[in-house]
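Undergrad: Construct the entire structure; sequences and hints are all you get.
Number of protein chains: 4
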Amino acid sequence: MSFNTFGKIFRFTTWGESHGPAIGCVIDGCPPNISISESDIQKDMDRRRPGQSKFTTQRKESDKVNILSGVFQGKTTGTPISILIYNEDKRSRDYESIKDKFRPGHADFTYFKKYGIRDFRGGGRQSARETASRVAAGSIAKIVLKKIIGPKFKIIGGVTQLGVLGCNINNWNDSEIRKNPFYCPDKNSVKIWEKYLTEIRKSGSSCGAVIEVRARGIPVGLGAPIYSKLDTDIAAALMSINAVKGVNIGAGMGSAFLSGEENSDEIRNASGRIKFKSNKAGGILGGISSGQEIISSFAVKPTSSILNSRETVTKKGKNTKISVKGRHDPCVGIRAVPIGEAMIACVLLDHFLMNRAQCG
Amino acid sequence: MSFNTFGKIFRFTTWGESHGPAIGCVIDGCPPNISISESDIQKDMDRRRPGQSKFTTQRKESDKVNILSGVFQGKTTGTPISILIYNEDKRSRDYESIKDKFRPGHADFTYFKKYGIRDFRGGGRQSARETASRVAAGSIAKIVLKKIIGPKFKIIGGVTQLGVLGCNINNWNDSEIRKNPFYCPDKNSVKIWEKYLTEIRKSGSSCGAVIEVRARGIPVGLGAPIYSKLDTDIAAALMSINAVKGVNIGAGMGSAFLSGEENSDEIRNASGRIKFKSNKAGGILGGISSGQEIISSFAVKPTSSILNSRETVTKKGKNTKISVKGRHDPCVGIRAVPIGEAMIACVLLDHFLMNRAQCG
Amino acid sequence: MSFNTFGKIFRFTTWGESHGPAIGCVIDGCPPNISISESDIQKDMDRRRPGQSKFTTQRKESDKVNILSGVFQGKTTGTPISILIYNEDKRSRDYESIKDKFRPGHADFTYFKKYGIRDFRGGGRQSARETASRVAAGSIAKIVLKKIIGPKFKIIGGVTQLGVLGCNINNWNDSEIRKNPFYCPDKNSVKIWEKYLTEIRKSGSSCGAVIEVRARGIPVGLGAPIYSKLDTDIAAALMSINAVKGVNIGAGMGSAFLSGEENSDEIRNASGRIKFKSNKAGGILGGISSGQEIISSFAVKPTSSILNSRETVTKKGKNTKISVKGRHDPCVGIRAVPIGEAMIACVLLDHFLMNRAQCG
Amino acid sequence: MSFNTFGKIFRFTTWGESHGPAIGCVIDGCPPNISISESDIQKDMDRRRPGQSKFTTQRKESDKVNILSGVFQGKTTGTPISILIYNEDKRSRDYESIKDKFRPGHADFTYFKKYGIRDFRGGGRQSARETASRVAAGSIAKIVLKKIIGPKFKIIGGVTQLGVLGCNINNWNDSEIRKNPFYCPDKNSVKIWEKYLTEIRKSGSSCGAVIEVRARGIPVGLGAPIYSKLDTDIAAALMSINAVKGVNIGAGMGSAFLSGEENSDEIRNASGRIKFKSNKAGGILGGISSGQEIISSFAVKPTSSILNSRETVTKKGKNTKISVKGRHDPCVGIRAVPIGEAMIACVLLDHFLMNRAQCG
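Heads up: the protein sequence lines correspond to chains A, B, C and D, in order. Take 81 as the starting number for the first sequence in the working numbering and just add one per residue. Take 81 as the starting number for the second sequence in the working numbering and just add one per residue. Take 81 as the starting number for the third sequence in the working numbering and just add one per residue. Take 81 as the starting number for the fourth sequence in the working numbering and just add one per residue.
These are computed hints drawn from the structure, not numbers from a lab. Model, not experiment: these values are computed from the prediction. Fair warning: there could be bad hints in the mix.
Each pair may be met inside one copy or between any two copies, as identical chains are not told apart.
[Claimed, not checked] Simulated pairs of lysine-lysine, DSSO-like, Cα-Cα distance not exceeding 30 Å:
1) K134 x K275
2) K226 x K144
3) K144 x K155
4) K170 x K144
5) K181 x K355
6) K355 x K405
7) K357 x K181
8) K355 x K193
9) K155 x K405
10) K395 x K357
11) K226 x K267
12) K396 x K193
TA: See the structure below:
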């Protein structure tokens, strides 16, 4: 049992609150003899880091990664890797005015009722700041997978829906994703999304998003019946991210609309290689990877901290109103892209090791 | 780590193949001194059992539950409860003709590639027959929760979408659900669904479905940050069910379309009781139950075993075609209703015990 | 968390009470494609089985193993192996007279106080009958290890002390062990032990024992810092056996008496092979196997069920006396030999798979 | 599965190497609303800290505890508590001369063979420096147990054997323990021990020790069959400590010498309170606490780093000799007292929470 730990063999445990001195994680079960450095991890950290465009919070955090253990002379030793990230821009005073109110859509109410105490500064442990640790762990997972699988391995995510606006998934272009502030894979959508989100931001409101993550080069055979299916663990991994309310594998919720013929991906031998004619399954059959691209997606609800006034109650149960003035993203979904990638990387490495354990 | 075990404190481990001598499960961590009998469990088993309408497989299984341990003089003793269900209607010969072919949409290919061996009879371990064990475990979880929480506790699921046809969720009526063969909560949809599914069945095809499960009477405070969130475990629980490809909590994937105002459920003190004005969150905030109804839904893909011919390959990699003649449901989603309820019950009891452990 | 499960990757969950209909276990994580049969396992079962000499209980149990899942056409499939053993000789009436008394040295008192209910028939879940399931699991572990490691792999245990009588450990002879009813490795001790135990049996008393288990052919590198050390898991495995009160690795408790020079096993390169000059460490350094013989031992306390009268209280707290007339071993330690071997086999296979996961 | 994590509900994960920048741990599952401060923990740290008498290593470490998360306004919040301790006195150069040699009795050989890489500075992860983190975790466990159980709760350990010299256990006196540099509970032994250990230290050798830990005020009912028995977890906890080779519960290895009559602790109702007439069981029956004092003991082997020259091989397999000149304890067992106490505290709290989960 593990409240704050994720994974089975490659495991990470995160700790820390939004406005405490630091946050971090301990990564256990990482294979030894893998070259790893703080700067490798920093690249992924910088993609999640706030303050990179006008569409993300202006909190200033360098999110500098410190490796305190588990790496010796540039290589992993097989012992726990402790990562520490200092909190720098802690404006706790921003939260004084709302410390006795429960912000709607946030976990203020449930944390307080559960524990009888909560760190109200920036949401404390509920804060999405925790996800910085996930990105660090995922970065290490990617490095290990790249070493094991080779150059054909790739994990890439993008925002495929911003509020009510979708994009044309058939236009997915990896290289497009890092060129726009929305991580949108379809360049045709960028302008209209920009206009749309600017308006939302100015109006003091927020919107949700859908993020899709694709993993390539994954061998057949990862995943295990029945309660460690690859898709089961992906669903848990993605649903554990702050503000996520839905998870799809392949056709996902849309598979309900398909006929049996449309849904079953036919199989062909094409010049000695087994190929599927479609990928409604998202690369997972019976919980086990099929060798196709692993495709998952998830919905992030709109940022709950909005300028517009909302009804709520105080800790003592008095009716009141609240308007959250801090520094917030109009669409937190955008910054969820590297987090989703990180979680998928961790699940895949974990299952790679699990499969190696049982099946050699 | 646990391939075939679900849960953290209230845990069950399932075993067995579709056409082996029996299937079953071992339930560990059940509280002691709870009155329990085979006939209590049997009621839930009968709802999942095949052959109950023309819309489900005609395989004949009585699914009779045998309790082999953990219950003494009608009460649980706190020790493992072993449940055994014999397989009765095993027509393994049905599978001889397809034993060397990989059925598209099934896990034949991935199991064989992973393990180098597979029990091809009825899908072996991949078969949804495994879910009978889940229903037994869930039945026990419900009995325990009922005893702990009292009469206000209820878990009820229904099919809210059948293939391309939805129903009006606002017409949800608990008592309607068991009156029609689709477990549909909206009686206005029953006739049109009947016509629709009859046609699909006759055409030798199949369709998907969406199932929604509602849990009532759940106290505030179940769930734990960060990787044992209640919704994280629900997502894993539902995604682990055969043929499930998508999971929603509350507004789910639809939350991407909402504005911040629409999404954040406002809070009021109504005559001394804290109430939410809406339930977009599905009763879970920050991974912790809020005291509202816990609402989750999941999509089941269309039955992969269809009469219509599909392209595939043999174990040796030869291109071929396949048409699955066995006894199959035109929409497996229907029988997933009691399975979804069972999984939700297990997650909730598990979190109740986890919360009692940490928070007293 | 797992009350009734042992192991991390190769895991078994046992269930069942002494006088219920059956006992059994579910083994998860077993590698696929290993040839296995009920008769292979039966050989180990027969060594633990009661009624084989006048020094063991006369309860008549055939302990016939039934494999209900996980094996197809004679080979493991990588899915859970369910094993069921019927209880045949259940004389529950023997226990009617003592059902309201707490037998000293047994867990009657603690089970009742913990759970508020207990199956008093033969001790219910506390009964050493549970260990039959361990022997079955261990038997499978041995088959897998033999296949992986080859013929140099061997696990063998013996009784090295019977009550107050030791034996000369330097006379250890594998082939001697199965020739005498005490599993004693030193044939010089057999006669005197026979006389000693006969007297104890006739006097209605009982005695304790020390069992030593040796594992050979184990590669360097099994075990992991810090809380999954090989010796940590061996200690847990052996201490979990009924009536065990002490566990040693190598020199064990005796290492306190050694000097630094005596204790540190010196290392030599002998014609290209690394050799240790002694084995005080019992083949484990820093929790990791060194390639030497893995040596552990454990003490089993005297059988608590004795004919001679003892003071105790009733369930209602009344002072009374008790004399246990059932069918009992004068030294339960003897039958613990195959159990100890089984547990060591399970730990070693588990660590083999864990090491394969992390280190390839 | 968890290489570097201990516990099931109250869990701690340690990280860090002897000569890295810092060591620490993350404690998860701690109940909320418990008053806790760095200075509370520091008291226990100071007892384990090196350099406190001439019988312990002269390495200078303040072992100052830093709490980075999980405590808000002086109280635990129920979220992970991250503890960090800087390494201050890192004389890595001491180890340059032996970095290519395997120190006999240490894990140098096994770590290198397992991982293909190792941090040789002070043993890296194998170093007993890791145990500082355990003492911090144990300190918190004690504070929680004290709050739950009240003033009758106490855990106290002492050295009952130093090398070949025992002490009179019947003279056990709690208040004596902290008055002498050996944590010896029998004041009659102090002088002779002092003379003995001084000689060993001067001769450049070392000796082993036995430590006994007693826990009082523990309620009936902690522990769970079969593989989470209280004694099973205690055995694992103690055996996981560096250099421990044997573990006893109650009479321990000595129980083999007892008769059934001597071993079974008789039970009496004395004026309405259930009392045992003896405590051979060490307070644990069938893996469950009986309400008596919980007594366990463990043997620590002699310090492996000794001045006297020993034979070994180099990384490349060349025969050589080694003499370890660093700063070492002549008997590491002495400093194991607070570590043993800490591990027992963690196990007991963990089982308290587990019992609360299942049995309410």
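Undergrad: Taking the numbered hints from earlier one at a time, note which ones the structure violates and give those numbers from smallest to largest.
TA: Violated hints: none; all satisfied.
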